[in-house]
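Spelled out from the first residue to the last, the chains are:
2 protein chains.
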Amino acid sequence: MRNILWKACVTAPVDDRTGHSIVPETQRRPENRYGNRPTMKDVAARAGVGLKTVSRVVNGEPGVTPETERRVQEAIDALGFRRNDSARVLRKGRTASIGLVLEDLADPFYGQLSRAVEEVARAHGALLINGSSAEDPDREQELALALCARRVDGLVVIPAGDDHRYLEPEIKAGVATVFVDRPAGRIDADCVLSDNFGGAREGVAHLLAHGHRRIGFIGDMPRIHTAAERLRGYRAAMEEAGIPVEDAWMSLGATDPVRVRRAAEEMLAGPAPVTAVFSGNNRVTVTVIRVLAEQTRRTALVAFDDLELADLLQPGVTVVAQDAATLGRTAAERLFRQLDGTLLVPERIEVPIRLVARGSGELPPAD
Amino acid sequence: MRNILWKACVTAPVDDRTGHSIVPETQRRPENRYGNRPTMKDVAARAGVGLKTVSRVVNGEPGVTPETERRVQEAIDALGFRRNDSARVLRKGRTASIGLVLEDLADPFYGQLSRAVEEVARAHGALLINGSSAEDPDREQELALALCARRVDGLVVIPAGDDHRYLEPEIKAGVATVFVDRPAGRIDADCVLSDNFGGAREGVAHLLAHGHRRIGFIGDMPRIHTAAERLRGYRAAMEEAGIPVEDAWMSLGATDPVRVRRAAEEMLAGPAPVTAVFSGNNRVTVTVIRVLAEQTRRTALVAFDDLELADLLQPGVTVVAQDAATLGRTAAERLFRQLDGTLLVPERIEVPIRLVARGSGELPPAD
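Protein sequence lines, in the order shown, are assigned to chains E and X.
Okay, so the first sequence: first residue is 1 according to the UniProt record's numbering, each after it adds one.
Okay, so the second sequence: first residue is 1 according to the UniProt record's numbering, each after it adds one.
The shape of chain E in the complex, shown without the other chains (with noise of 0.2 Å):
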C-alpha cells in the first residue's frame, strides 16, 4: 500500500445551521472554489490536466508519464490538496483499517494486547482504530457497529456481551472478525483466548501444594466469561483435593478498591480466616496486595496476571500470567488471513498460561 493516504479532499465541511463554510472568511485560501479544501478539479486545472489523469496520480495507478505526474505532484504540493478517505471508499472494498473494541484503554493488559494488534496492522499497511467499551455490552455494540459504518477491514472484538449476532450482516457482508480474550456469544467465529480454567486451577494447585486448604477467590464480575472460568478453574482444584468450598471463600463482583478492599478484609476476618488468596485478575490483585500489606498474619496469594514491579515486591507476587502480546498477534494474524482468503473455518485458539513462582505463593499456612 503507497503512502500517499494524505493527499486528498472534498468539499469543506459545512455548518448544519447556517450551511455556510465552518472556516471564517479571512482564513479561505482565495484560490479554491469548494471553500476551503482544494479538489482534485482545482489540482487538474493548476496542472493542466484532466482530472482521470490526476485521479490515476493520486491513487498510484499506471498510465502517467513521468512529466506529467511531476506536474500534477507539483500542483497537490502548492495547493495542499489531501485524499478523502470516505470518498474512496465508495470506490473499493478496502479502506486498510482495522476496528479493535476492548475493554479498558487504561489497563495494562489491554494496553500490551492492543499494541500486538498494531504492530500486526502497521506491518500489513493498516491503521489500528480502537475504542472502549468499559464492560457494557450496549457500548460494545454501538462501537462495533461504528467502526462498519466507518468501513473497517476487519474487527477485533474483547466482547462485553454475550451475544454477537448483531455482527453477522456485518460479517456476512465480509468484515473480518475475531474475538479474544473471551469468546464470541451465539456465532461461530475465530476467538483467541487465554487457557482460564487451567490457569487458575494450576494457581490454586499451587497453594493446596504448598499447604493450604482454606483459600479464597476474588474475581470479576461472574458475567464476564474469564471470571467465571477462572472461578471454575478454583473450584476445580478445590474439588480435586477433596475440600468443601465455602461460600464465604467466594467473592466475584466490580474490581474497584472499594468492593476488593471488604472482600479481602471479611475473608481475613474471624476465627477461621483463610490462609491464601487467589486473585481473579490484575485489578483485583492491586487492591488484594494492599490489603495484605497492611496485615500482621501472612498471608499467600496467587494471582492471575502479571503486574508491573509485582517482582519486587516482598515478597515477589506469585503469577498466573498471560501473554497479552501473543493473544493480540495471533488474533491481528487471524484478522489477516481472512482478509486474505486463506481462512475459512472459525476457530478456538488457546494461549497456554505460565506459573512463575517468586514468594508469595509458596508462603505456608500461618497456623
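Hints are computed from structural coordinates only; laboratory data are not their basis.
Mixed in with the good hints there might be a few duds.
Chain copies aren't distinguished; within one or between two, either way the pair holds.
Claimed, not checked - SDA-like mimics (lysine to any residue), calculated; alpha carbons at most 20 Å apart, straight line:
hint: 1; residue 1: LYS172; residue 2: GLU119
hint: 2; residue 1: LYS172; residue 2: ALA78
hint: 3; residue 1: LYS41; residue 2: SER55
hint: 4; residue 1: LYS172; residue 2: LEU309
hint: 5; residue 1: LYS172; residue 2: GLY80
hint: 6; residue 1: LYS172; residue 2: ASP77
hint: 7; residue 1: LYS172; residue 2: GLN141
hint: 8; residue 1: LYS41; residue 2: LEU252
hint: 9; residue 1: LYS172; residue 2: LEU313
hint: 10; residue 1: LYS41; residue 2: ASP340
hint: 11; residue 1: LYS41; residue 2: ARG56
hint: 12; residue 1: LYS172; residue 2: ALA205
hint: 13; residue 1: LYS41; residue 2: GLY60
Given the coordinates of chain E, assemble chain X onto it according to the supplied hints.
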C-alpha cells in the same frame, strides 16, 4: 446525537482484481439487489415508501408519521440495513469522531490519558479513534493525516516530531486540534502540558534538601520535549545549589531496559558514585528500581511519573506525579470548545505536578 449510527449501507465491497463481491455466492442474501448489503432502496421497496422517506427516518429528521416510521423501521430490521457513515460524511460536515495520536498504547501514562480523552468524547457523542506513533515523527504525520482523511472532527496529538506545519491545511479546513504532553512545533496551537521543568527542579531540590550533592539524571531521548525540559529542571536545581554538574551524572537516550541499566550501573560504580538518582519517566524508573534493588549500598531515588505499586515497594518510591487524566480531559475539553466555536485564541495550559514523598527520595547519602 441519536443513537442510529448503525443503520446504513451502500454497495457491497468488491474485490479489486476481479470486480466481484468479496462475499461467497452461498452467503449472499437473495433479496438484495446490490450484493450483500441492503440499500435504502431495498428498504423503501419493502416498506412501500419513497427513498426520501427512508432517508428521513434513518437520519432522524422530522416529517414522517409514526405509522410510516414504524413500517420503515420494520423493513430496516428485517433487511439488516446499516447506514454507511462514509457516504454520510459527504453530505454533512461532522463525523462525530475524534482522532488521538499518542506515543505508545502500552504505556500506562498514555493509557490513563487516552481513557480521559475518550470519556469526554463519549459525553459529546463522539467516537475516539486512536493509534500510536512509537516516537517516530514520520509515523505521527502519517497517522494524523490518515485520521484527517477519515474526516475526524478534531485531533488530539501527542507529538513525536517538532514541526507541525503539515497540519496547517487541515486546521484551516476546520479540523480542531489540541496538542498534549508536548507542544506543537512551528505552529500556533492549543497545548496542554505538565510543568516538566518545575517538576524536575522540585524533585532534584528535594534530594538536595536531604543532603545529596552527587545526583544522577537518567532520561529519555534529548530530542523529546519532556526529556529536555526535565533535564533543564535538574540543571537549574543543581545550579541554584551551587553544584557543578559532571557529565558522568547525566544520561539521556532510549528507555529500553538495556540502555537504562548500563547508564545506572555506570553512575553507581567507581570511587565517587552518585548517592541519588532522578529518573526522567516511568519507563526509565522501572529499570532503575531494579538496578538499585540489586545494589548493597542504598541510593536515593526520585522519579518523574507515578507507577502502579510504587508505594508498596520497600522503600516506597518518591515521585513527581503527573496527572494524566487531567491532561487528557483538559485537552479533549478544549477540543470541543474549539468545535463549538467558542475558543479562538490558541493557549498553552500547564497542569501542575505533585511531589509525593514515600521513602526512596528521603534516604540520606550513603557516605
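Evaluation of the provided hints:
1. LYS172 x GLU119: Neither, since 27 Å and 32 Å both go past 20 Å.
2. LYS172 x ALA78: Cα proximity of LYS172 and ALA78: across copies only (15 Å, versus 43 Å in one copy).
3. LYS41 x SER55: Result: close within a single copy only, 10 Å intra versus 29 Å inter.
4. LYS172 x LEU309: neither (45 Å within a copy, 46 Å between copies)
5. LYS172 x GLY80: between (39 Å within a copy, 11 Å between copies)
6. LYS172 x ASP77: between (41 Å within a copy, 16 Å between copies)
7. LYS172 x GLN141: within (17 Å within a copy, 35 Å between copies)
8. LYS41 x LEU252: Classified as neither: same-chain Cα gap 62 Å, cross-chain 49 Å, threshold 20 Å.
9. LYS172 x LEU313: Answer is neither: 50 Å inside a copy and 52 Å across each miss the 20 Å cutoff.
10. LYS41 x ASP340: neither (35 Å within a copy, 31 Å between copies)
11. LYS41 x ARG56: Within. Shortest intra-copy distance 13 Å satisfies the 20 Å Cα cut-off; inter-copy 32 Å does not.
12. LYS172 x ALA205: neither (44 Å within a copy, 63 Å between copies)
13. LYS41 x GLY60: The answer is within: 17 Å in one copy meets 20 Å, while 33 Å across copies does not.
The structure fails to meet hints 1, 4, 8, 9, 10 and 12 from the earlier list, while all remaining hints are met.
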